[in-house]
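*Asks:* Spelled out from the first residue to the last, the chains are:
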Amino acid sequence: MLSHSPPKPGRTRLHRQSPKPYRPRRRRSGGGLKAVTSHFDMPTSAVAPLPFDSFVLRMGRISYDYPEREEQRTLQNEFREHVERWKEDTEHYSSLSKMIMHPSYMRIMGMGPAALPFLFRELKERPDHWFVALNAITGLDAAPPKSTFNEAVSAWLTWGAKRGYLQ
Amino acid sequence: MVDMGCQAGIFAIMASRDFALERSFPKLRTMPYVLTSPTDPQYNCVAFAVGDLSQFWYDVNINGYYWPPGARSADTIEGWKDVFEIHGYRETIDRSLESEYEKIAIYASADGPEHVARQRASGLWTSKAGKGRDFEHELEWLEGDFYGHVVKIMKRKCQGGRRVLE
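Protein chains in written order, with this note's numbering: chain A, 21 to 187; chain B, 295 to 460.
Here chain B stands alone, though its shape is the one from the complex (with noise of 0.2 angstroms):
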């Protein structure tokens, strides 16, 4: 008995972690992220954002993706920045968490935008790793080679004092 209680204690710290996250964000090895689902290559970062769980957001001339009519180049910050324009952001310079606001963090690198977080009703930040798990975490814990830096904050009134999927 002793030795399955070790052993699901085991599988339980195993399922908590992704070690294949944590190659991709060394940062995260030491930090308490928290999974929030499995993987799933039904939609990207972009539509986590906006709350769609159903679609790949993404700019490409061919069927089974979308992108925002108006919205500029999917490899672009202004094509990304257009595309929270539209569901009503803003461009802040205020990470810290406003109650009444939901906000949104653009990572970018040297190639272009990489990521897009969102901020929870706790403060913490909860991402889709591209085609991979959702999970919780602080800005900085993203922040490397990987997805690049926090390049922009922007934010809009919660609708119906409600954040996107909470």
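The following block holds chain A by itself, in its conformation from the complex (with noise of 0.2 angstroms):
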């Protein structure tokens, strides 16, 4: 920023001001941003307000966070995590018993109603023996009596599309 001094007569003097990095101004009771105030004196009403839920500074930069959004990946993350990890360890097992008693499996019937939509998906994509899981959150068995592995992954992907949990 350049600021002049009174010109002497016959010489301008110019004096360069060391630049000032922009901060906004940070309320310190009631935490997180409400408003930023420019470092030029500009009054403040000329500033919207922006909402403390949707505006989050990280490292020199604005950006927006969605907070259900990220959860969402959270969980989408562990679930294929623990959905490789299962098929891994449990390719070889005739035993539905201990396919079922992995700690994977445990933890994917453990995350209830969120899992299934990635359940349905994952059932679509790769069948495999999700249908106890899918017994213990939805407390139904979709599948027909005497059906076959084919026709229970058929019948369970029919519920699940009808109740809109595959697109």
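Hints are computed from structural coordinates only; laboratory data are not their basis.
One or more hints might be untrue.
Unchecked claim - Computed, partial: chain B to chain A, Cβ under 8 angstroms:
| hint | residue |
| --- | --- |
| 1 | M325 |
| 2 | S348 |
| 3 | Q349 |
| 4 | I356 |
| 5 | N357 |
| 6 | Y359 |
| 7 | W361 |
| 8 | D369 |
| 9 | H409 |
| 10 | A423 |
| 11 | G424 |
| 12 | G426 |
As the list claims (entries may be wrong) - Derived coverage of chain A by chain B (criterion: at least 3 residues anywhere in the stretch with Cβ under 8 angstroms from a Cβ of chain B; other residues may be distant):
| hint | region |
| --- | --- |
| 13 | 126 to 134 |
| 14 | 145 to 157 |
Where is the CB? At the ideal position from N, CA and C, for every residue including glycine.
Both chains are sitting in their own frames, so use the hints and assemble them into the complex.
*Replies:* As structure tokens, this is what we get:
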């Protein structure tokens, strides 16, 4: 920023001020940022206040954060990790008891209804023995009696699609 | 062209091995086992041993599974023995090939029954590894930490002179 000292006759003197970084003013009480004021002398009424919940200053850049979406992504990541671990560890099990007692399968059941969209997508893309988990979470058995594995998969996918768990 | 041939050879070698199988059964790493199917969660070793490729044989109160009526729990060796007795098998101590008989071998660990293999007309044994692949092997190649050891051999006369799935 340049400022001018009063010019002396015959000579113009320029004084460069060291640039000051932009820093939003923080409120000490109540936490978070309510509004941003410019370093420059601008009336605060000219700056629109930003809602606290959607405004986070990170790494010197302004970005928007949606807590619900972040939580969904975290659960999906966790689900995926547990699925891969379960598939790898139980591929050669003939015992359904051992399959469902695996810690990752138990964790997936523990996710409850939030896991249903992921479970149905997994069942559609890579059919596997998710019937016990689906039964435990939904409280019902969508497969008809005496159904084969493929028939049970089909019945569950139909049930899931009707309830909007499959896009 | 030489490069393509080498690559094709490497792919053929890789396709003839299942590294997941070798992780579970280390003895297979140095043995000439033969893969005979892709991975399929539809059926398990018990189903495969009796010739059923459409159902997962297990004793559970959820639809999508099958267990013969009258057989005891699938978590017990007695339950697995019941399944094969229902299908005409009787216990024997002889695991060698007898041309007029088809045989099965049940593996078990301290946790209970783990696996069952079926003997082929060649004398080799064939197995469905859980939800994984079918493959041919010798009985000892699967013995170890994962499936335990062979605890029972059972045999029956070939039905109509033919073996299951042959």
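*Asks:* So, for every hint listed, does it hold in this structure?
*Replies:* Comparing the hints with the structure gives:
1. M325: 16 angstroms, violated
2. S348: Nearest chain A Cβ about 5 angstroms off; hint holds.
3. Q349: Holds, about 5 angstroms.
4. I356: 5 angstroms, holds
5. N357: 4 angstroms, holds
6. Y359: 7 angstroms, holds
7. W361: 10 angstroms, violated
8. D369: Check passed: Cβ of D369(B) comes within 6 angstroms of chain A, closer than 8 angstroms.
9. H409: Where the cut-off is 8 angstroms and the nearest Cβ of chain A is about 6 angstroms from H409(B), the hint holds.
10. A423: 4 angstroms, holds
11. G424: 4 angstroms, holds
12. G426: 5 angstroms, holds
13. 126 to 134: violated (count 0)
14. 145 to 157: holds (count 6)
This entry does not satisfy hints 1, 7 and 13, going by the numbered hints stated previously.
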